[in-house]
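Peer 1: Residue-level listing of the chains:
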Amino acid sequence: MSVAATAHSPRRPSLRWRPSTRLAWASLLGAALVATPLLALAVTAASRQAAEIWPHLAASVIPQALGDTLLLLLGVGGLSALAGVATAWLVTQYEFPGRRAFEWLLVLPLAIPTYIVAYIYVEFLGFQGPFQAGLRALTGWRSLRDYWFPDPRNLSGAICIMAAVLYPYVYLSVRALFGLQSATIVEAARTLGASRRRLFWRIGLPMARPALAAGLTLVLLETLNDIGATEYLGVRSLTLSIYTTWVNRGSLPGAAQIACVMLALVLFLIVAERRLRGQRRFALPVRQPRHVGRIRLRGRAALTASLACALPVLAGAALPIGFLVVEVLSRDLLAGVDTALLQSLANALLLAGLASALAIALGLAIAIAARLGREPWLNLASRAASLGYAVPGTVLALGLLVPLAAIDNMIADAAKAWLGRNPGLLLIGSGAALVIAYVVRFLSIAISGSESGFSRISPRIDDAARLLGAGAPELVGRLHWPLIRPAIAAAALLVFVDCLKELPATLLLRPLNVDTLATIVYGHASRGSFEDGALAGLLIVLAGLYPAIMLARAGGKAN
Amino acid sequence: MIGKIHLHALALSSCLLAAPAMAQSVNLYTTREPNLLNPVLEAFTKDTGIKVNAIFLKDGLQERIRTEGANSPADVMLLVDVGEINAALDAGITQPVKSAAIDKIVPAQLRGPDDNWITLTKRARIVIVSKDRVKQDAITYEDLADPKWKGKFCIRAGQHPYNNAFFAAYLAHHGAEKTEAYLKALKANTARKPGGGDRDVARDILSGQCDIALINTYYIGLMSQAKNEQKSWYDAIKPLKTSFADGGTHVNVSAAAIARNAPNRENAVKLIEYMLTPKAQELYGDGNFEFPVNAEVKDSAAVKLLGNVTPDKTPLSDIARNRKAAADLVDKAGFDN
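So the protein lines, in turn, are chains Z and B.
Each residue of the first sequence is one higher than the last, beginning at 1 in the numbering used here.
Each residue of the second sequence is one higher than the last, beginning at 1001 in the numbering used here.
Pulled out of the complex, with its shape left as it was, chain B reads as follows:
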């Protein structure tokens, strides 16, 4: 009986799971959530007739493409966070994009070595405070370690990639010794164990559990538009102009890259070029309140909400290089314990 069921199911599965083969298509491996991408991808298909086959992967994307090897169907990768991007580069699963059109839009420091990856959008990691209980409009990252915030600071896990990249940037500014002291001081200020997500810190400000927290900018935008209780989290917070004492705001990026063995290379370039057009930048950037990389898009939703952000000068490659050391320091300081 089992055998019979098995055969039926097998026949069924081959119909259900077989990837559609289309003459014009591009295969997308993404660590960005599909709901975020769908509007742009649908517009792309509508405008170009190229169908997008997508798979949303999280941390295994790089391993998957690497092991799939020469016959991997992957064409385009969409990645977030400089660490993830660099890991793909190090794994040797990318290839130069090579497009004059793209080079015109995206400045060189926002492209990987040999154009192995291309920044699509930027996001900043800034400080938010309780609108009612904290009276200041600007702050430095260094100030977060001030003992006056004792028992008032909330943050997600120190080992989360967003914080990891931030601490790596801090390390680039201040060196290992001071960063470890900073981590210990931050930890001493926490109102609760580091954990949860970025939006949770806003909720915890509303509830009175904390007064000050670190958050990625697009979460602020998403909460401002929420039609549920998250709107009240937004109403309870105030974003501060945040920067390093000797620099600008910590900015991370989302990027696209072409897979080394891309079977549809031309379409891959087309997709990336498309995602940099003002129309797509608005669809993609505004949908998630990220800062567009295309300078033509002047008043993006993110800028309207938070104003212009001056990015810190620390090169992304330095941040990527410091990540391991930052992760070690977080462990050493017992930040997540």
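Only chain Z is shown next, with the shape it has when bound in the complex:
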């Protein structure tokens, strides 16, 4: 293994710099930003009112919700891993009709929010959807009393529907690694008579394990966080229980307690991911590896490969987008394009753009500090700063509301005292609060993106540069930056798309008179007329498609 990819233990002693104080501050800032709402959560969970509700939650709510959540995670995780790894292996190792297109088509489902795709599938597979209508037209059946048809509104439906749009997280990260496997090692294996299957199980998959774990963690956290799709599909997940406890019992403390149970689950996931990554890290050798040629498939094998790649694209992108387009056209929604809708598009793009720029800047600083710094707390800070992704958006937004409003009121009171006029709530009123919420929520993606960029650079490069007398700024600016740029770009796009799709924090923290596409879709959906929001839904998807395609391209180039 040391021939192709150098394996390093993470604690390998190497020459390190003391990071500049500014970088260390950035780390602290990131960790503090994320820790604030979590602390607010913990304080709420520990209140006296909470002690009263806990016995009921522990007896009647949590066991069932935990069970459903674990099954959901298992199902979505398993299915996403299967789809993501299989398609990534196919497009990197083989040549078959459509491969070049599939390479980027497979990323597209990323643009579609789970809450939208859930609505679409319930409509599409529903009684009046084209599927059943066609079936009835063919057979002469009239109602569900004449035939049985699977209802997507249950746990298994939720698993399939969510996996259909979440698998690209696995695909993207695993494909990048499969693509990096250098020729020498694969050719050596082939020369030694390894079959394709053996090559996959003994070399491809083990080497991709860290990437699989990283992608899978994103899938699982997204699943855990979801509320729109799970509620609509009737799955009683932990997140949904948090929500109903808060709303129906008026018990924020009770909700906070369930959130803490969930956070424990998340910590377990993150530890498991670290374990899965194991002690291994695969950095690129100092010299660029030669890539293996793809094996050309023919006949039935080629057809199977094409179909295997077409299926997830169809389920996760083509069908939902097609459905939205048909809705928009058939309901003549284009006639309803007004300035309000365009304004909400502009708002969404602006907020997402700002938030991704900030998240990347902060994430990069944290990753640099962790790489160059010697102090263990820097690593800890980077872990803490990653936790925001693990908290459901509603809980995070509620947790952020308290400190942000406190700051706003302090500013307003000070202005009233000194300037004699009330500027109103600055952070919440300007949308800055929302940008902060996005950054807190998605900082994890920026950090892990930066880290994965760095992890491909052998520490030996750092050592060599150090020996040649390079300082930290030179090292990062001239050596690291060009090498990590693709990974950073990918992370930025991912954050951008996630911000576009984000709903709960957007709903709670946006200023007066400001809507985004997601809140418009939600407004229609909460009246039970989702179809009227189809145009806004389509705009979210379209706005996300471009970054998704860029993402696929960025990954492709890295190969």
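Derived from the structure by calculation, the hints contain no laboratory data.
Glycine residues also receive a C-beta, built at the ideal position from the N, C-alpha and C atoms.
A portion of the hints provided could be inaccurate.
Stated by the list, open to error - Each pair of labels, with its calculated beta carbon distance range: (1) B:S1317 with Z:W148: 42 to 52 Å; (2) B:P1278 with Z:R145: 39 to 49 Å; (3) B:G1248 with Z:V325: 46 to 56 Å.
Using the hints, position chain B against chain Z.
Peer 2: The following block gives chain B in isolation, referenced to the frame of chain Z:
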């Protein structure tokens, strides 16, 4: 480079997102969907010259206003469901409305304590059945538990606020033990897992998945007017005269309240008074097929469609108080599992 983009975007954002400051304005925090409100709000601005700045929030409205505190821009809250209204009251984010004009229109039992909230419209939760397969015109809520509906009953999640308030009313009528038995019997009758929305039950009746379901009245009205497939859902159902065995129909309300630290209190009162005028009641009530609270509006769209509804006598405050207990019972009965 990032820094540069960031600066540009920041400059842009301050233009785009800054809330317009107008001399005459009122700030509205609403859990009612904006599309429902726009006609009334536009009419209000046209008639009074007062601009309405609105934000549609869902469940965090109360937390948001509370944490925004003394400097909150919130003037008026529009809320649905007695639970939500009571939560706002309990959170101490409201203040007495105090308007003689309003007191004349809205009877005391439809106003909160000290006029802390004012009912704007009413909606009932009733039973619908398949027009073809069920031959009866009236039913009691208690009858839904009859085993003859086994495998034929559809309902959205038991923890949804609409059902929560209904079960809380049931609890007020029958006590905890009987309500738990009722929930278990209802659950045993379900044709599918409780979930989806209120309109979905009508669709499921059309598809033959169920014969009988619970729904809020305004959905029936909206479906009757739909220009898409929802019209066929409406055509498949029949609303039944529904009541408690010893009472009337379960009715919930939508209401308005003035925020405790409202910076534009006068305009806030004006807006609420406006929303109670016959003109606004028609715009607002008929737009969503709700029963107007202003008795002057005789033939509202909702009444034309469903006839007059006799509201159950259970006080709204009792329903609000029972909500937690009802939510516990729903969990205990495993209603949503």
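Peer 1: Could you run down the list of hints and mark each one as holding or not?
Peer 2: Evaluated hints:
1. Between S1317 (chain B) and W148 (chain Z), the C-beta spacing of about 47 Å keeps the proposed range 42 to 52 Å intact.
2. Taking 39 to 49 Å as the suggested C-beta distance range, the pair P1278 (chain B) and R145 (chain Z) conforms, at roughly 47 Å.
3. At about 47 Å, the beta-carbon gap between G1248 (chain B) and V325 (chain Z) stays in the expected band of 46 to 56 Å.
Violated hints are absent here; each numbered hint is respected by the structure.
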